[in-house]
Amino acid sequence: MLGMPPSRTQTSPGDEEILAAVQALQRGASRDVFEVLFRRYYDPLYKFFANRPSLRDEAEDLVQATLLRAYERIGLYRPEEDASFASWLRKIAENVWKNAVRERVATKRSPPGDLAGLPVGEPGGEVSAALAADRRPAVDPPRDERPNPEEALLAHERTRVLQEALESLPPGMRRCTELRLFADLKYQEIANLTGIGLNSVRSQLFEARQRLKPVLDSYFQGADL
Amino acid sequence: MGGQDDLNSSLKAIMAARREGLGEPPTPDELLAYRDGLLAPEELQRIAAQIACHPDAARTLADLLAFPEVEAAPGTPQLSEEEIDARWQDFRQRLPEQPVTFPAPAVRQGRRWGAAPRLVAAALLGLGVGWAADYAARAGRDHPGPAAPGMPATPAITEIAELAPVEEGLRSAPSPVELPESAEALVLVLGGRARAERELPSYEVEVVDRHGRRVAARHGLHPTALGTFPLSFRRADLPPGRYRIDLFGVERGSRVRLATYELRLAERGEAR
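Chains as they are written, first to last, in numbering that gives the first Met the number 0: chain A, 0 to 224; chain B, 0 to 271.
Chain B on its own, in the form it takes in the complex (with noise of 0.2 Å):
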């Protein structure tokens, strides 16, 4: 055995006997808040000394501040011009015509839609939003079943939100929604799914408030052509609080949770 070959056994028994004493690897919540900057004095110490003795943790780490100037790994297989071509192809094969394009910030403050202007209005916000509208519409004349039970059969005022998921890092905090004294019914349109790229056999949504108590569910539901989800209540379903969406997938009998929304319903005045 060279002195090289020694060298490197011996580093691979400090690191070792460094990894017991230390514990678990960093999770990657931790990784994210020891690079952010959110770790106490003396967690910031633990992480940084696991870091150093657990190579997997120190490479994702560097590839993370390095973004996009990220090198291959030795070892990483690498991917010719050609390969990328041919994956666009079949990438753009699963893109919508034209992405959701969710106002910030994640809610939108919703919409009052009287009869006679909804179908025009529906027209010019586009296919999501206008289906969402009509669908409330007509949740209670056409499709009284329990996925609107006890909807008016022609609201005067709908409230329309348009939720993103909660998602780390990205636009989440919710912006209360506030239904005006007329409206009696809010469509909530559920977009931005997290895992969009397979559609399943069927969805299903929960609402659960701020006690953990479900207070609505649907079954049985189906994306729209823009992959959103809209859903209609009743003013009296959903009193003012805060709530939280998990949006599921259906198959084979399991279900998956696909992401989750929060919803804040306003008391009367505090939205403004």
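Chain A on its own, in the form it takes in the complex (with noise of 0.2 Å):
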């Protein structure tokens, strides 16, 4: 939607507009100029707070509280000091974030146990919360499916060798691979997380599947990374 990613030196046009908007309002513009910023924002904002699923039903009050303190506080931006207005925005989205991630760890305090046992009054509300879920048995089948003992020890011995092969891998390679295998996240996400170049996660996830290969053709067959 908005073309290339943002970057301190890139001026696409639409950055442009952006600007002259911000301008526009810090010199004393009607809040119909704001229009601009708010067509332009709001779909990523929301999809940023949309991903996380412990917040997706206030989603769109936190993209309207980010989009009415950038509003309140566009005197603030100063685009010859500041990186691009995105970044300034991104901020401001963190800051609303972590107030609402705090608020739901204070929400969720009053009734004990309610995060599976997690100290709940520690900040991080919201990957706790979404971890209590996950904290359950990864492997939990029906409880009228249960495996038998044969299957339990075979998939248990599965798991060994494949957390070994994992472990087996160089640190840079085995990083790239967890956050692809456990995050499923995009070549180009852990590239920007991992601080390495899109064509080095690349080859690193190709080397990747070569070395597992032999385990996964012996122990997991048909499967794919």
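FYI, nobody ran anything at the bench for these hints, they're computed from the structure. A portion of the hints provided could be inaccurate.
Stated by the list, open to error - 20 Å max Cα-Cα, derived SDA-like pairs, lysine to any residue: (1) A:Lys90 <-> B:Leu38; (2) A:Lys97 <-> B:Val255; (3) A:Lys212 <-> B:Val165; (4) A:Lys90 <-> B:Val165; (5) B:Lys11 <-> A:Lys90; (6) A:Lys90 <-> A:Glu57; (7) A:Lys97 <-> A:Asp56; (8) A:Lys185 <-> B:Arg34; (9) A:Lys90 <-> B:Thr259; (10) A:Lys90 <-> B:Asp28; (11) A:Lys97 <-> B:Gly36.
What the hints assert, rightly or not - Counterexamples of contact, computed for chain B against chain A with all Cβ distances above 10 Å: (12) Pro40; (13) Pro54; (14) Glu180; (15) Ala182; (16) Glu203; (17) Asp208; (18) Arg209; (19) His210; (20) Gly211; (21) His218; (22) Leu220; (23) His221; (24) Thr223; (25) Arg233; (26) Glu250.
Cβ atoms here follow ideal geometry from the backbone N, Cα and C, with glycine treated the same way.
Each of the two chains sits in its own frame; use the hints to bring them together as a complex.
What follows is the structure, given as structure tokens:
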């Protein structure tokens, strides 16, 4: 929707339009000028909040809180000193997100044990809450279809072999592989998060596949990473 | 069970075991510190390992890094253009006609207001600050109640400082405010409330010094049309030093902190 990813140096026509709107608002233009910013950033902000399962229900409120705060503080943005307006807006969204997470933790504090025994007084409740569900036993078949002892033993053996294979990977390759497998991140997202180039991510994951292939072929027939 | 299902089950089991060993998932602050490269090497290793086995943490970080090119995760509802149109129409109604245009840095050096030019200057400076100046001048005369005890009836000079809330990542460092020798009063204009989306029945402010002692409080406050809170103080109320100012919303007997401000009143000559 916004073309290329934001950059401190890049100035696309869209960025100029945004900057013009910001400067007009700083000079006292009416609220209608804010529509440019609203339309440009509503969707990215909405995705950011709605991608958090624990905040999905309040995503729209959080988007509006972010945009309202941006409107109220538009005079604090300095294009000559700050990064792009998108980065500035992201910082506001980060604060809204952190506050929402903290409020969520506070709300959850009253019913004891609500987060499956996690120390709910700590910040990070969004993650904790999301993980509370994940902390169910990973292999949890329906009660009436529990594996027989042989199957359980085989599952345990498969897991052990896979874990050893993952741990045998070089640290950087292992990290890329785990972000791909565990967190289901895209290549570009892994590149952003690890700070290595997209092509490096591709080659690391290709190499990891080659190294893990014997294990997959032997223990997980037909499975792909 | 097919090979892919077996693989997924094994991956989940590995993740669960890894989490047990690593303890709690990273907090939002840790995630942001990780992203910004602010962690010590050992912490960096720990958080990196946690991120790898906590999908929600990894997803959050990836979205933050990708903003505004955030992609919807599977299962995330999508909004149509029409829906965004409708939201703009609603949102527009909530906006003041014009945004408050704080100058940077967050604390603006005060202006000196003589009795005669005050009205003219107030008109030029706009409703919020102008109201504040007028409020300061009238505080002791018309409203000598608890909001401004002992305010001089007609202060010769009133110093005005606008404050923005302290907020991580935004301008927040308190610039010093110096009261000129002849100033008898200080008006603080608290702006940019953290949660201005809903007006509350009443607001309160507490001023705490650097030792945590409450040095002043105001109750029963209401925002101006611009959403700001002008507060007047006698010079003697606030000697030079650092102060934290908390703004609370009050509703049905309970109060919630809405914003925090920092004020540094400089010794004579320090702010120059």
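Verification of the supplied hints:
{"no.": "1", "hint": "A:Lys90 <-> B:Leu38", "verdict": "19 Å, holds"}
{"no.": "2", "hint": "A:Lys97 <-> B:Val255", "verdict": "16 Å, holds"}
{"no.": "3", "hint": "A:Lys212 <-> B:Val165", "verdict": "53 Å, violated"}
{"no.": "4", "hint": "A:Lys90 <-> B:Val165", "verdict": "13 Å, holds"}
{"no.": "5", "hint": "B:Lys11 <-> A:Lys90", "verdict": "33 Å, violated"}
{"no.": "6", "hint": "A:Lys90 <-> A:Glu57", "verdict": "19 Å, holds"}
{"no.": "7", "hint": "A:Lys97 <-> A:Asp56", "verdict": "16 Å, holds"}
{"no.": "8", "hint": "A:Lys185 <-> B:Arg34", "verdict": "17 Å, holds"}
{"no.": "9", "hint": "A:Lys90 <-> B:Thr259", "verdict": "17 Å, holds"}
{"no.": "10", "hint": "A:Lys90 <-> B:Asp28", "verdict": "12 Å, holds"}
{"no.": "11", "hint": "A:Lys97 <-> B:Gly36", "verdict": "18 Å, holds"}
{"no.": "12", "hint": "Pro40", "verdict": "13 Å, holds"}
{"no.": "13", "hint": "Pro54", "verdict": "4 Å, violated"}
{"no.": "14", "hint": "Glu180", "verdict": "30 Å, holds"}
{"no.": "15", "hint": "Ala182", "verdict": "25 Å, holds"}
{"no.": "16", "hint": "Glu203", "verdict": "20 Å, holds"}
{"no.": "17", "hint": "Asp208", "verdict": "26 Å, holds"}
{"no.": "18", "hint": "Arg209", "verdict": "24 Å, holds"}
{"no.": "19", "hint": "His210", "verdict": "26 Å, holds"}
{"no.": "20", "hint": "Gly211", "verdict": "21 Å, holds"}
{"no.": "21", "hint": "His218", "verdict": "24 Å, holds"}
{"no.": "22", "hint": "Leu220", "verdict": "18 Å, holds"}
{"no.": "23", "hint": "His221", "verdict": "17 Å, holds"}
{"no.": "24", "hint": "Thr223", "verdict": "13 Å, holds"}
{"no.": "25", "hint": "Arg233", "verdict": "29 Å, holds"}
{"no.": "26", "hint": "Glu250", "verdict": "15 Å, holds"}
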